[in-house]
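Chain by chain, the residues run as shown.
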Amino acid sequence: MYEGKDVRVVMNGRTLLNGVDMEIRSGQITVLVGPNGAGKSTLLKALSGEHKLAAGRVSLDGTAISELSARELACRRAVLPQSVEVAFSFTVAEVISVGLMGSGARESGRVARLLHSVELPGFAGRRYDSLSGGERQRVQLARVLAQLECGHADKASYLFLDEPTASLDLAHQFVVLRLARAHADKGGGVLAVLHDLNLAAMVADRIVVLANGNIIADGTVDEVICDEVIERAFGVSVRVGVPPAGPYVLPQNIRHSAGTAQA
Amino acid sequence: MKKSLLLALSLVCSSGLYAMTWTATAAETPADSGAKATPAKSFTVTDARDRVVTITDASRIASIGGAVTEILYAMGLGDRIIAVDQTSTFPMDAKSKPQVGYTRTLSPEGVLSVGPSLILATDGSGPRTTIDVLEQASIPVVMIPEGHDAEGVLRKIELIAAAVGEPEKGKALADAVRADFETLSRALEPVKDRPRAVFVMSASGGAAVVGGSGTSADAMFQLAKATNAMADIKGYKPAQDEAAMISEPEAVVVMRDGGQKLDADTIFALPTFLGTPAARDRKLLTYPGSYLLGFGPRTPFAVRDLAVALHPGLEIPELPARPWHTEPVQ
Amino acid sequence: MSAEQSSSLPVTEHKDAARPVAAGLVLFGVLAVAAFLGALAIGPFSIAPGRIIAVMWEAWSGVETHTSAMLRERVVVMDVRFPRAVLGVLVGAGTAVAGAIMQGVFRNPLADPGLIGVAPGAGLAAVAWMVIGSSFLVHLPDFFQVMGLPLAAFFGGLVTTLLISRLATRDGRTSVATLLFAGLALGAMAAAGTGVLVFIATEQQTRELLFWTMGSLAGATWIKVAMAAPFVAALLVLSPFLARGLDAMALGEAEAYHVGIPVERLKRIAIVAVAAGVGAAVAAAGVVGFIGLMVPHLARLALGPSHRALLPASAMLGAAVLLAADIFARMVAPPAEVPLGIVTALVGAPFFLWLLLRRRAFVG
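Chains as they are written, first to last, in the working numbering: chain A, 1 to 263; chain B, 1 to 330; chain C, 1 to 364.
Among the hints, a few may not be true.
Said to hold, decoys possible - Cβ-Cβ distance ranges computed for the label pairs, FRET-style: (1) A:235 - C:237: 51 to 61 Å; (2) B:204 - A:15: 53 to 63 Å; (3) C:51 - A:69: 53 to 63 Å; (4) A:113 - C:237: 27 to 37 Å.
Stated by the list, open to error - These stretches of chain C come out as covered by chain A in the derived footprint (C-beta under 8 Å, 3 or more residues): (5) 176 to 186; (6) 298 to 306; (7) 342 to 353.
Since the hints were made in silico from the structure, they are not lab data.
It should be emphasised that the depicted structure is a prediction, and the values quoted were computed from it without experimental measurement.
By construction, the Cβ of each residue, glycine as well, lies at the ideal position given by its N, Cα and C atoms.
Next up, chain A with everything else stripped away, as it sits in the complex (with noise of 0.2 Å):
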């Protein structure tokens, strides 16, 4: 298990995470949500050990991340940024093996395949910088399995997503996600930050919902997602509805000023 115990980060003398308890689970995909500047993306950063903690501790199987080697710690958890530029003309191949911990021999056919999961077949040669927004997310995913490749197989590993749907079309979103599925179905845990509410419902085991830096709902899609609780959050009034696929989620009108609106 993977958890954040009274986390707190604070920056330039603002307060981001006032303490913070956050558990991401193996085998489920721990979905996190929240207005904008509610600390996502900073609870995501503190957990992955980018951040820097005023407070608290954060551990993998009871061990602090403080005390894994940096090499330990990327084997079993690995992190999806929103975005990546790279700096130099690096082929699609060489951004893949720098997630592939110098394995080195049979670098090209493990390229290969995780070009395959995430439908990139024979980009392998082609410019990084060349590609579109979304072609650079799904490479950047395939770095990210790669590196987890690493890790024993009976320990479970982690996978931090940070919006990682947000350059992507319908379909592709869905690739991101299914493999998210599929990394949390092999026992390892999943840990999205998403911004549509109605995938975090779809795809979500567990979803916990932040708001100015604390976390003010944690439980099952049905549990968090109902009117109350995205009130509370966004501040925005909405209907949750259940169709037969799941629940859904349909903003009613803007209560308070505009700009927090999302999905």
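Go by the hints and put chains B and C onto chain A.
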């Protein structure tokens, strides 16, 4: 130990051994070097750094320094020079010789490639690594002192004459130059009020770089019985505008070939000289650099030119015509 | 690695997958060896190439030089060209690899140690050592008499590199504009400091400085080789350990951390490595500009940006380019020679402008 052995070996090598040189460079065959009176036996001189240098062959000279080159030509030994440096600009014939670069940044292989048997170099030539390599190749390097007065010029002539094995020619040249200096100092004896003058080396960016005390320009002013208005500065440095104005120079002296156009309009437009007597009279004296600051055999003529310009009304006799004063000198 | 990679890829693979890395490395190696042999064979003093080998063999086997012609040949080959070629390899490889590492750390192909003030900083420290250090030099142990200069240049480079990374990097991101402007300012400060030192230097010191500030291999001696070699060797030994980290850094500092790169340690090692390469080169040959900019760029064009190939390729190509430039400097106006720094600047400055124009969108 091996080095001293090499040195000893090379000492017994006479100039004739050059015929065994493998290289195809035409310049390296001594047959066309024009050497005639070179004595085959070796001799020694003590150079400007008090080193005793042994010379066996003075037929192929690399001449480093404008004054060194002029002195060799003045002794009629121009045809022994096989290479010169960048500052050797007089006589014209010197410019047709292979040029090994700037005095202080000589390339060791460049100098070696012209196949010199003797290197006469103004003290301060370098870098040191180059001089080391040349000596390692057992080529005698004689450092010629940088004298900035009559005695200094005469010392240069004597040392160069000794180093090339032509003491008589040296004595004749030295006697003539000494006589010229004496004529001048007699003529300038009555001078009481020394005019104030300033030497401007360059004026890039509106700042005049002037010759302070300890410079060759300062030495020229002393020989011409003038006062260096910039004597408070040491060396060649940018002048402070106000200090220059207060010093009230009556004449400004510049070089003709300084690489930059220094005419009266340029000079007297500088804030440095605003309101000075020199600017009022537009008194700008221009000479070739090697003539004015070279401290070679032409120096008495340069001193006279300067004195005539700075002491109007004073009777200064013409110096006797000297072959090295005018082109061509062969 | 990439070469075998391309062969086993499915047929659907894109054509340019086949980056001829192995072939490229071999080619650069051949170029470096050719340039080295060229530097031994070519010079204003004409010696037949076959004779050069004979001269070296004679010198090593201790054959005495019977004629002064033999002696001169031996001096030219063994005391002039040979140390100069070796020093050229050290300076070229050191500068180019330092440039490649610096560009990797700053994630920017314009981060040339000369342009962003590191080489001028090393130069200032070296000048300070020559002018001020020499007054107490006699009291120092022998080690410092030889190694003081490169050590001073190394620390000068180290301080400037630390300064520039502090100034130009914010939250793990390096602004190109800040990098170049801060580099410009640091370079100007170093130049001003050097000017002050030249002002207070004795005339003899000024002459040495003049020779040295123009950037040249002309004063190459075995002592200078011995002076530069440990630093360049340290750089070359360190560089393979930096390769994977620098590749990861290309994706961003956070991403590098996420894939298990100890980013802060990597940056510290990289900065030390850069300072070592630049310091050694500056101490031995003065400031020879643009090699650190041009060479990694050309190597990237040929072999791709992956540092596993880029760093060794830069070392070899750097040696080759520097030696070629030095041969040109010696042969363009014999028997005089042009300062090497002028040759590299003549080629490098337009190259930099071209790079800048191509990347104008990034610089803003």
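Evaluation of the provided hints:
Here the CB-CB span from residue 235 of chain A to residue 237 of chain C is close to 59 Å, well matched to the stated 51 to 61 Å. Checking the proposed 53 to 63 Å range against residue 204 of chain B and residue 15 of chain A shows it holds: the Cβ atoms sit about 60 Å from each other. Checking the proposed 53 to 63 Å range against residue 51 of chain C and residue 69 of chain A shows it holds: the Cβ atoms sit about 58 Å from each other. Range check, residue 113 of chain A to residue 237 of chain C: about 35 Å between beta-carbon atoms, so the 27 to 37 Å window is met.
Proximity of the segment 176 to 186 of chain C to chain A, defined as three or more residues with a beta carbon under 8 Å from a beta carbon of that chain, is not established by the 0 residues found. Coverage of the segment 298 to 306 of chain C by chain A holds. Counting CB-CB distances below 8 Å, 4 residues qualify, and the rule asks for three or more. Taking a C-beta to C-beta cut-off of 8 Å, the segment 342 to 353 of chain C contributes 0 residues in contact with chain A, too few for the three needed, and the coverage statement is violated.
In the structure shown, a violation is registered for the earlier hints numbered 5 and 7, in ascending order.
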